[in-house]
Amino acid sequence: MKKLIIKSFLYMSVILLSLEALVRVFYLGKDTPTRFLDEYKVEKWAPNQQGFSVTGNRRQNFSEFKINNSGYNSYREFTPSKNKIEVALVGDSFIEGFHQNYYNSIGKKIENEIPNIEVYEYGYAGYDFADQLHLINAYRDQFDLIDYIVLGIKFSNDLTRSRYNVITDRSALESPFNKLLKKSKLIVYCKSIGILDPPLRLISQVSNLFSPESQSSNSHVNIAIESKKEIEYLKNFKKLVSLYGFDKSKYILILDSNVTNPIFLNYLDTNGYQYIDFFPSFTSTKKPTTLIYDKHWNNYGRTIIAKEISKFLKSKLIDIK
Amino acid sequence: MLFDSLSFFIFLPIVFVLYWFLFNKQLLLQNSFLLLTSYLFYSLWDWRFLFLILSSTILDFFVGQRIYSSDSIQLKKRWLWVSILFNLGLLGFFKYYNFFIDSWVDFVSVFGYELKSAWTLQIILPVGISFYTFQTMSYSLDIYYKRITPSRNFISFATFVSFFPQLVAGPIERASNLLSQITAKRTFNYKQCTEGLKLILWGLFKKVVIADSIAPIVDDIFANYSTYPASTLILGVSLFSFQVYGDFSGYSDIAIGTSKLFGIELMSNFKFPNFSRNVTEYWQRWHISLSTWFRHYVYIPLGGSRVNKLKSVRNIAIIFLVSGFWHGANWTFIAWGAIHAILYIPVFLMEKNRIYMNTVVAENSWFPSIKEVIQIILTFFLITFSRIFFRSESITDAYSFLLQIYSDFRFETYQHPLGYRMIDYFILLIVFILYEFIIRRNERAPFNFKSKTVRFILYTLVILGMLLFYDDSIDRSFIYFQF
Chain P
1 MKKLIIKSFL YMSVILLSLE ALVRVFYLGK DTPTRFLDEY KVEKWAPNQQ
51 GFSVTGNRRQ NFSEFKINNS GYNSYREFTP SKNKIEVALV GDSFIEGFHQ
101 NYYNSIGKKI ENEIPNIEVY EYGYAGYDFA DQLHLINAYR DQFDLIDYIV
151 LGIKFSNDLT RSRYNVITDR SALESPFNKL LKKSKLIVYC KSIGILDPPL
201 RLISQVSNLF SPESQSSNSH VNIAIESKKE IEYLKNFKKL VSLYGFDKSK
251 YILILDSNVT NPIFLNYLDT NGYQYIDFFP SFTSTKKPTT LIYDKHWNNY
301 GRTIIAKEIS KFLKSKLIDI K
Chain D
1 MLFDSLSFFI FLPIVFVLYW FLFNKQLLLQ NSFLLLTSYL FYSLWDWRFL
51 FLILSSTILD FFVGQRIYSS DSIQLKKRWL WVSILFNLGL LGFFKYYNFF
101 IDSWVDFVSV FGYELKSAWT LQIILPVGIS FYTFQTMSYS LDIYYKRITP
151 SRNFISFATF VSFFPQLVAG PIERASNLLS QITAKRTFNY KQCTEGLKLI
201 LWGLFKKVVI ADSIAPIVDD IFANYSTYPA STLILGVSLF SFQVYGDFSG
251 YSDIAIGTSK LFGIELMSNF KFPNFSRNVT EYWQRWHISL STWFRHYVYI
301 PLGGSRVNKL KSVRNIAIIF LVSGFWHGAN WTFIAWGAIH AILYIPVFLM
351 EKNRIYMNTV VAENSWFPSI KEVIQIILTF FLITFSRIFF RSESITDAYS
401 FLLQIYSDFR FETYQHPLGY RMIDYFILLI VFILYEFIIR RNERAPFNFK
451 SKTVRFILYT LVILGMLLFY DDSIDRSFIY FQF
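Going down the list, the sequences are from chains P and D. When we follow the working numbering, the leftmost residue of the first sequence carries the number 1, and every step to the right adds one. When we follow the working numbering, the leftmost residue of the second sequence carries the number 1, and every step to the right adds one.
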């Protein structure tokens with residue numbers, strides 16, 4: 001019996017090491033760049049890193065990322081000046097674009113559509129509206145030189161707070177323990193394909209058993225909570241705008257009207273906020289616009305987004321000329 | 001609790017360690033622990049149905065003794081009927097009640113009588129009922145035919161009926177094999193345990209990598225068959241053949257492997273049926289525990305092949321129709337059984353039904369002959385054809401599926417419903433078929449290579465395969481649980 005346990009343990013250890021090697025050889029696990037909190041408490045990637053992002057069990061999507069000197073995934077450095085036309089794209093992982101090669105990003109596609117402009121992509125996974133406005137506010141001297149700023153917004157996710165503060169959960173991903181785990185490509189791979197979800201769920205269920213607060217729900221309460229939340233999100237939007245400033249002439253929101261509350265859309269319309277709605281373009285196409293295994297835009301989806309932004313910018317740039 | 005679930009991977013090591021460290025002293029302790037564990041395992045599906053197993057166990061335990069102690073044949077026969085009627089009654093009510101009611105309503109409607117199906121009930125099918133009822137019935141039948149003597153120990157007998165590795169989907173064991181092992185104290189055997197672990201690993205591969213990864217494709221094609229051309233429908237039913245094989249033989253391997261961990265050898269249930277050279281060989285290799293059950297308890301009592309040809313043909317037709325009906329309360333399964341009878345009978349009449357017994361394809365060579373390759377492909381094609389009925393929701397669906405193949409007979413590249421690369425699956429299946437061909441001589445030793453390095457590489461690749469094809473979003477339940 002002892003022999004069985006010892007040999008099983010030994011075999012498992014060597015098999016795990018071999019799997020680690022295989023995952024590395026076939027590049028099945030993604031690279032995770034280091035996060036960084038700068039002097040203005042803006043969360044971004046540590047500058048000048050490079051690596052590959054992998055999606056799916058069998059590398060269904062494989063792309064290269066490159067973090068520039070400013071801490072964002074982009075093929076170019078951000079050097080705003082008065083004598084160029086620059087556009088900033090600010091948003092979450094959809095703008096960050098780890099799911100595409102950094103040299104084939106939305107920004108690059110816009111530059112291909114409109115010659116002689118520079119597009120700076122300030123994308124970072126998890127950035128909400130507070131993150132975005134705080135970033136613009138913190139680097140006001142740079143953003144003042146940029147002609148147009150496009151902000152990605154999802155009503156249900158991005159307006160949950162009325163003031164920026166550092167999200168400790170995201171910072172915790174840089175804890176020594178998490179850094180150690182990330183060193184194992186096998187763990188990173190297993191986590192990304194969901195094989196670690198059942199044990200993690202179990203741990204969470206067990207810990208919930210000992211938690212004094214048990215959540216109960218019923219549909220009436222949920223509807224009431226949802227409608228209360230929507231009002232709160234709108235309030236948060238107003239507070240953030242008044243706190244960090246919002247130049248309606250050069251700030252443009254980009255959103256999907258299908259998942260945006262009509263009250264919010266109505267508010268934007270009546271108060272002169274400019275926005276690009278990409279929902280009609282996404283629904284008018286039969287081709288898939290998102291990746292397999294992933295809700296992020298695929299190359300075709302990004303092309304549509306780039307075209308929508310370009311169309312909008314072209315109309316504005318005529319005004320500038 | 002599914003064999004490929006996290007809960008089973010927590011449950012199994014705990015039970016294994018407790019069994020060999022704490023409950024290893026006496027036979028009674030071993031069996032009591034296995035019994036409690038089995039009841040716990042089953043109650044995690046649905047504890048209410050434990051009473052069904054318990055009632056079947058109690059009844060057959062006492063009926064077995066009555067059959068044995070009765071002096072007259074008539075009395076023995078009466079007690080035997082008590083067992084058969086009780087077990088078939090359970091099965092009939094839980095599995096077939098609604099089918100009979102609905103079929104009767106449909107039948108009378110042919111003559112213009114409109115009956116409302118008010119007698120149908122909302123009945124949940126208890127998991128494993130088709131398997132354990134057949135197992136307990138075999139016990140009573142074996143006592144009646146004087147093949148075994150009844151058990152005097154209720155704990156041992158109850159453990160035989162509910163032994164958790166094979167409780168919900170077999171192999172359907174006979175008392176002469178399983179009960180005799182349960183009534184003897186087991187001692188820890190290192191070799192047996194490692195063999196068990198290897199079988200579990202191979203079974204998991206077949207389930208997770210072959211069956212589960214193909215399932216979304218098969219589901220998509222059968223759900224939308226009217227929109228696909230012949231090439232896609234043929235692909236769908238061919239893949240279903242691999243899915244059902246990977247699913248059920250994977251389950252059986254895990255069951256046999258798990259039993260080995262507890263010092264118990266279950267019978268083999270699959271012997272590489274995809275390499276069968278004719279339909280009769282297929283039935284010597286596919287779901288062996290069920291086909292031997294029908295042979296022993298239906299075919300042979302009816303006279304088997306010792307009667308005249310006409311009666312033998314009748315007997316074959318009966319066992320295939322009954323076997324089809326055993327799979328589920330649907331005319332599709334009866335049609336499936338009928339097709340197999342039609343395929344089997346000509347081979348039987350040509351007296352070629354035993355020519356491949358105890359042999360394997362390419363018996364003394366590395367590669368099969370061209371004749372064997374043609375035979376294997378033809379047999380696979382015929383079996384796969386029957387599976388259109390097995391997989392379809394109704395006879396009408398199966399007919400429409402066939403009609404669609406005929407009416408839209410053209411080739412079109414199939415796109416995976418989730419957008420994955422189809423080539424991955426084709427490569428996977430080719431590798432799987434080639435590997436199974438290499439190991440075709442021994443279904444109980446999937447990693448039987450002399451070199452330790454080769455074995456180690458294979459374990460690693462099998463686990464890597466599971467990672468490459470793991471999909472948390474799909475339904476992981478075993479197909480045969482519904483039977």
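No lab work stands behind these hints, which were simulated from the structure alone. Where hints are given, some of them may not hold.
[Said to hold, decoys possible] List time: in silico DSS-like cross-link candidates among lysine-lysine, alpha-carbon distance up to 25 Å:
hint	chain 1	residue 1	chain 2	residue 2
1	P	Lys-286	P	Lys-154
2	P	Lys-3	D	Lys-25
3	D	Lys-185	P	Lys-2
4	P	Lys-3	D	Lys-76
5	P	Lys-2	D	Lys-25
6	P	Lys-7	D	Lys-309
7	P	Lys-3	D	Lys-185
8	P	Lys-2	D	Lys-452
9	P	Lys-3	D	Lys-450
Bear in mind the structure is a predicted one, so any value in this text is a computation, not a measurement.
Right, here's what the structure says about each hint:
no., hint, result
1, P:Lys-286 to P:Lys-154, "23 Å, holds"
2, P:Lys-3 to D:Lys-25, "20 Å, holds"
3, D:Lys-185 to P:Lys-2, "20 Å, holds"
4, P:Lys-3 to D:Lys-76, "51 Å, violated"
5, P:Lys-2 to D:Lys-25, "17 Å, holds"
6, P:Lys-7 to D:Lys-309, "57 Å, violated"
7, P:Lys-3 to D:Lys-185, "21 Å, holds"
8, P:Lys-2 to D:Lys-452, "20 Å, holds"
9, P:Lys-3 to D:Lys-450, "20 Å, holds"
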